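Respectively, the protein sequence lines represent chains A and B. Position one of the first sequence corresponds to residue 1 (the working numbering), numbered consecutively onward. Position one of the second sequence corresponds to residue 1 (the working numbering), numbered consecutively onward.
Treat the hints as calculated values from the structure; they're not laboratory data. Accuracy of the hints is not assured; some may be wrong.
Chain copies aren't distinguished; within one or between two, either way the pair holds.
[What the hints assert, rightly or not] Computed list of lysine to aspartate or glutamate pairs in DMTMM-like fashion (alpha-carbon distance at most 20 Å, straight line):
hint, residue 1, residue 2
1, Lys19, Glu118
2, Lys305, Asp264
3, Lys344, Asp254
4, Lys235, Glu118
5, Lys41, Glu216
6, Lys3, Glu339
7, Lys127, Glu22
8, Lys235, Asp43
9, Lys41, Asp177
10, Lys3, Glu216
11, Lys41, Glu290
12, Lys287, Glu143
13, Lys235, Glu143
Note that the coordinates shown come from a computational prediction; the quantities given were computed from them, not determined experimentally.
Number of protein chains: 2
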Amino acid sequence: MNKVAVVGYGNTKFSNEDKPIESLLVSATKSLFDQTKNIDKNDIDAVLVSTNDNAKYLSAILSELTGISPKISHTVENLCSSGTNSIVSAYSYLVAGLADIALVVGADRYDCHGQILEWDSARGEFKHPIFWASMFTKAHKREFGTTEEDLAVVSAKNHTNAKLNPHAYSDKTYSIDDVLQSKFVTDDLHLLDCSRPCSGASSVLLASENVAKKFEQPVWIKGIGQKTTSASLTKNESLTTMTSTKIAARQAFDMAKIQVNDVDVAELHDAFTICEIMALEDLGFAKKGEGVSYVRELYGTQDKKINPRGGLIGAGHPLGATGVAQVAEITQQLQNKAEKRQVKNVNVGLVHNMSAAATSSNVLLFQS
Amino acid sequence: MNKVAVVGYGNTKFSNEDKPIESLLVSATKSLFDQTKNIDKNDIDAVLVSTNDNAKYLSAILSELTGISPKISHTVENLCSSGTNSIVSAYSYLVAGLADIALVVGADRYDCHGQILEWDSARGEFKHPIFWASMFTKAHKREFGTTEEDLAVVSAKNHTNAKLNPHAYSDKTYSIDDVLQSKFVTDDLHLLDCSRPCSGASSVLLASENVAKKFEQPVWIKGIGQKTTSASLTKNESLTTMTSTKIAARQAFDMAKIQVNDVDVAELHDAFTICEIMALEDLGFAKKGEGVSYVRELYGTQDKKINPRGGLIGAGHPLGATGVAQVAEITQQLQNKAEKRQVKNVNVGLVHNMSAAATSSNVLLFQS
Chain A
1 MNKVAVVGYG
11 NTKFSNEDKP
21 IESLLVSATK
31 SLFDQTKNID
41 KNDIDAVLVS
51 TNDNAKYLSA
61 ILSELTGISP
71 KISHTVENLC
81 SSGTNSIVSA
91 YSYLVAGLAD
101 IALVVGADRY
111 DCHGQILEWD
121 SARGEFKHPI
131 FWASMFTKAH
141 KREFGTTEED
151 LAVVSAKNHT
161 NAKLNPHAYS
171 DKTYSIDDVL
181 QSKFVTDDLH
191 LLDCSRPCSG
201 ASSVLLASEN
211 VAKKFEQPVW
221 IKGIGQKTTS
231 ASLTKNESLT
241 TMTSTKIAAR
251 QAFDMAKIQV
261 NDVDVAELHD
271 AFTICEIMAL
281 EDLGFAKKGE
291 GVSYVRELYG
301 TQDKKINPRG
311 GLIGAGHPLG
321 ATGVAQVAEI
331 TQQLQNKAEK
341 RQVKNVNVGL
351 VHNMSAAATS
361 SNVLLFQS
Chain B
1 MNKVAVVGYG
11 NTKFSNEDKP
21 IESLLVSATK
31 SLFDQTKNID
41 KNDIDAVLVS
51 TNDNAKYLSA
61 ILSELTGISP
71 KISHTVENLC
81 SSGTNSIVSA
91 YSYLVAGLAD
101 IALVVGADRY
111 DCHGQILEWD
121 SARGEFKHPI
131 FWASMFTKAH
141 KREFGTTEED
151 LAVVSAKNHT
161 NAKLNPHAYS
171 DKTYSIDDVL
181 QSKFVTDDLH
191 LLDCSRPCSG
201 ASSVLLASEN
211 VAKKFEQPVW
221 IKGIGQKTTS
231 ASLTKNESLT
241 TMTSTKIAAR
251 QAFDMAKIQV
261 NDVDVAELHD
271 AFTICEIMAL
281 EDLGFAKKGE
291 GVSYVRELYG
301 TQDKKINPRG
311 GLIGAGHPLG
321 ATGVAQVAEI
331 TQQLQNKAEK
341 RQVKNVNVGL
351 VHNMSAAATS
361 SNVLLFQS
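Excised from the complex, chain A in its bound form:
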């Protein structure tokens, strides 16, 4: 079986700028070219675009704008997890021998169309993701006594981490009190409990084993887990468990023959504060009900192990870019190139990316 490595990455700053989707895609590609030694555009066999934008044929357009003539090109969309879906697609082309080098570029605009769950008429007017996040929060409070302050710790921690990420949307730090004093958006969630849609793009370059060696410090994809349980909330085992995340994690750990205790650094999908706590539990970093104390310890010790780039809450959440940015961050971390955000002595990294109330999840494991 071919092995596959991440051998390059690029980012734009995440912002509220009104830039065309094509410009965002080109900027993240240029950032990757600028940072990746020994790259030859003629060797790129696949260009995949991850986005929720309504524009069509973006992979061919990006290819033309950046001087690439790939074999394979298309757009991948799966709401908030489009990025890791694209990366798994690219991985598959490489393992299947259809490509040796694949470029994946994720981008979305602040006004992108994946932010509202339009299809789910059963939700009535409650189509914004914050409503499922509120349900998760209420359930977690009821079952485990989780408090508003516990949730605020996640936001304070991730904004603190984002302050050291030059591409993050947020450049402010917030105390726990600041989070608690931000306005309520629902009964349970403050504004600072939420990630922000924004404009941004990220890119990664994947290479198969035989060509990965010409690049510096390849980071290997060791485990892949994916699960779709439903498109609504009907099939979660409970409102305090993200079933698709649990199943995807088990697959990824089995494939990689790695345990959760081996993970040194992780990017979790904190679309809302409750999501980081639940993800820590469902991925196995903490037992059920103990996600809160896990996060409080990280915050107390200023440990950047979880969401070193600031998570979606601190870095911003341009939907199609997020999964790609997560993989770019883990690559940087495992290459010891994450500068002020660098977590020490890292060898194994994890990415958790999900969509729409965790009705689908992807978990990826990386090793340097």
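Chain A is already provided as a structure; the job is to place chain B on it using the hints.
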């Protein structure tokens, strides 16, 4: 290396009905379930949707509506070739060992957003595909003396074939004169030289070698070729050659170790009549400039070898469904299940699917 087979297919009728995209997707999936023996929904590892529709998260929605809980699910978009891009993605998951059974469902509505080449401002107001087809036609006329009547033969032939396809949009036959007397849309192209956007969906089921044997008459994917040359017309070697098709064909034939003379039945992307003539030449069925006489011979002998289901011109062209419908047809043909459309003694089939003036092309080879 895992082998991959097509082991099932489904279709809706292509029509001008105003059906929701979700209904189209579900109908083609149900059609596949109804026709495929020994299928167990629990065994489906991947659900890919091929579409140009702006709705998001359609693979998860289709999965929920049809009772599937796959690992992998997302939408693939690449304009008119979204279908074969999706099938190659599914093929890769199977070869890579991430999935054993994959469902690919393509659908679009008559008013879908992939029909106009919105991005290409260099075209001025000439953003409808008919304008590049007119340029191709003018160039072919100039270089090879191709006539309006030659083009009309393609349309007459494909409408005749479509009459035997119960899912085709068109149920009329047209003589060469009928085509010539249909109204001019541009200087060079009559209405009946053009394929029609419509509402429709098609599906195929792919299985890896170890599970394909539990299905009846697996049809093996033997060759895959893909090429993106550009997103505009800037990189074709000439206006009478579809460079991406030529390159993709060479890859596919090399991978399959099959010659063009071995191909018994083929689905070509006749978005306009000129495209079938050029595709015959660029795929190697005919020498350059001899596509016309090749088509005239087929029409004269009522040979259904090329576009037995009626092509895009006769069957209709719901963008995301087209590539999937082409593969479904070749599967039926190689299983000897194509009823009145059946081409005799078929063993090797070819699918040619392309986008936007052949700025990208996919060529697939199948063997029973």
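Verification of the supplied hints:
1. When the C-alpha separation of Lys19 and Glu118 is checked against a cutoff of 20 Å, the pair qualifies only between copies, where the shortest distance is 17 Å, while the shortest distance within a copy is 24 Å.
2. Taking the shortest Cα distances, Lys305 and Asp264 sit within 20 Å of each other inside one copy (7 Å), while across copies they are farther apart (59 Å).
3. For the homomeric pair Lys344 and Asp254, neither the shortest alpha-carbon distance inside one copy (26 Å) nor that between copies (48 Å) is at most 20 Å.
4. For the identical chains of this complex, Lys235 and Glu118 are intra-copy neighbours only, at 19 Å inside a copy versus 40 Å across copies, given an alpha-carbon limit of 20 Å.
5. In this homomeric assembly, Lys41 and Glu216 come within 20 Å of each other (Cα to Cα) only inside a single copy, at 17 Å, whereas the closest approach across copies is 44 Å.
6. Taking CA atoms no more than 20 Å apart as the test, Lys3 paired with Glu339 passes in neither setting, with 28 Å inside one copy and 45 Å between copies.
7. For the identical chains of this complex, Lys127 and Glu22 are inter-copy neighbours only, at 18 Å across copies versus 28 Å inside a copy, given an alpha-carbon limit of 20 Å.
8. For the homomeric pair Lys235 and Asp43, the shortest alpha-carbon distance between copies (18 Å) is at most 20 Å, but the shortest distance inside one copy (43 Å) is not.
9. When the C-alpha separation of Lys41 and Asp177 is checked against a cutoff of 20 Å, the pair qualifies neither within a copy, at 50 Å, nor between copies, at 50 Å.
10. Only within a single protomer do Lys3 and Glu216 lie at most 20 Å apart by alpha-carbon distance; the minimum there is 16 Å, versus 33 Å between protomers.
11. Taking CA atoms no more than 20 Å apart as the test, Lys41 paired with Glu290 passes in neither setting, with 48 Å inside one copy and 36 Å between copies.
12. Taking identical chains as interchangeable, the C-alpha atoms of Lys287 and Glu143 lie at most 20 Å apart only when both belong to the same chain, with a minimum of 14 Å there against 73 Å between chains.
13. Proximity of Lys235 to Glu143 under the C-alpha cut-off of 20 Å is restricted to the intra-copy arrangement: shortest distance 19 Å within a copy versus 62 Å between copies.
Hint compliance for this structure: hints 3, 6, 9 and 11 are broken, all remaining hints hold.
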